[in-house]
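Q: Make the full structure from the sequences, and use the hints.
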Amino acid sequence: FSQVGYIALLTMLLVAMLAVCVSLYRRMTRLARKLSDLDQQNRSDRDAWEHAKSSLRLQQAWYKLLFNETSNMVLVYGVNADGMPGKFLDVNDAACRRLGRSRETMLTLTPQDIEDVQTAAAMPRYTRAELVTLADEDLIERENIFIVQFVRDIINRREVVYERDYITRTGTRIPVEIRARAIEFEGRTFIMCVVRNISETREVQRELRQSQRRSQDFFSPPPFGVAIYGSQRNLVNVNLACLKMFGAPDR
489 FSQVGYIALL TMLLVAMLAV CVSLYRRMTR LARKLSDLDQ QNRSDRDAWE
539 HAKSSLRLQQ AWYKLLFNET SNMVLVYGVN ADGMPGKFLD VNDAACRRLG
589 RSRETMLTLT PQDIEDVQTA AAMPRYTRAE LVTLADEDLI ERENIFIVQF
639 VRDIINRREV VYERDYITRT GTRIPVEIRA RAIEFEGRTF IMCVVRNISE
689 TREVQRELRQ SQRRSQDFFS PPPFGVAIYG SQRNLVNVNL ACLKMFGAPD
739 R
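Counting with my numbering, you get residues 489 to 739 for the letters of the sequence shown.
Misleading hints may appear alongside valid ones.
[What the hints assert, rightly or not] EDC-like cross-link-like pairs, simulated, lysine to aspartate or glutamate; straight-line CA separation at most 20 Å:
1. Lys-552 x Asp-525
2. Lys-522 x Glu-557
3. Lys-552 x Glu-592
4. Lys-575 x Asp-601
5. Lys-575 x Asp-653
6. Lys-552 x Asp-570
7. Lys-575 x Glu-629
8. Lys-575 x Glu-674
9. Lys-575 x Glu-691
10. Lys-552 x Asp-578
11. Lys-575 x Asp-525
12. Lys-575 x Glu-592
[Claimed, not checked] Simulated restraints on C-beta separations:
13. Arg-585 x Arg-676: 53 to 59 Å
14. Ser-719 x Thr-593: 55 to 61 Å
15. Asn-556 x Gly-675: 24 to 30 Å
FYI, nobody ran anything at the bench for these hints, they're computed from the structure. Every residue gets a Cβ at the ideal spot worked out from N, C-alpha and C, and that includes glycine.
A: And the structure:
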């Protein structure tokens, strides 16, 4: 090569190298921009995830607060594939306290373990002959059919209110009103029971029945007339003997 040709070749190589450098610079700039975007997206995702975790922790805190601060017993259980109630999934402090069991123990039990369901002898669907001839296994099977139908009724109606007696660890029976509500979550069915102690209500009802019975016993048998007047001298009650004495109709 002549000197002029050599210089021309070097110039061409420098231009080519410069073009390559420019191309590499542009590519690196694009890659750096993509990395920056990815990093920003990652930070955004991380922030969103941390926010979601914080929100979830807050929801869990509120759930536990409301769950445990109520004076009513709250129990949650799932439904097995055969339709029978599963073990308790969650119970609040009031349930543990009233039933005299630890939370760990409660989570190993099912509703049948703490409910005093009517015995087979008290069930109107059994005849005396059936109770004599049916084996224990047959009675248990029929009881399970009744329980499955009852759980299905809760699911279909979404909410059912009924009364039972709960049995504490010491065997004490507590009359309760149970408000059972079916909840669907991620394709599974759960039953949440809010349970209210109705011992005082039962006692008031019992005293009212006794009072009514005493009043009926007092007014019905005596052959002498009995009349009760109020503070305004208005007639409050009168028995049949008194009506007959004055020739008044008995109605």
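Q: Decide, hint by hint, whether the structure agrees.
A: To see whether the hints hold, each was checked on the structure:
no., hint, result
1, Lys-552 x Asp-525, "40 Å, violated"
2, Lys-522 x Glu-557, "51 Å, violated"
3, Lys-552 x Glu-592, "16 Å, holds"
4, Lys-575 x Asp-601, "10 Å, holds"
5, Lys-575 x Asp-653, "19 Å, holds"
6, Lys-552 x Asp-570, "30 Å, violated"
7, Lys-575 x Glu-629, "19 Å, holds"
8, Lys-575 x Glu-674, "19 Å, holds"
9, Lys-575 x Glu-691, "32 Å, violated"
10, Lys-552 x Asp-578, "10 Å, holds"
11, Lys-575 x Asp-525, "49 Å, violated"
12, Lys-575 x Glu-592, "12 Å, holds"
13, Arg-585 x Arg-676: 53 to 59 Å, "28 Å, violated"
14, Ser-719 x Thr-593: 55 to 61 Å, "57 Å, holds"
15, Asn-556 x Gly-675: 24 to 30 Å, "28 Å, holds"
Hint compliance for this structure: hints 1, 2, 6, 9, 11, 13 are not met, and every other hint is.
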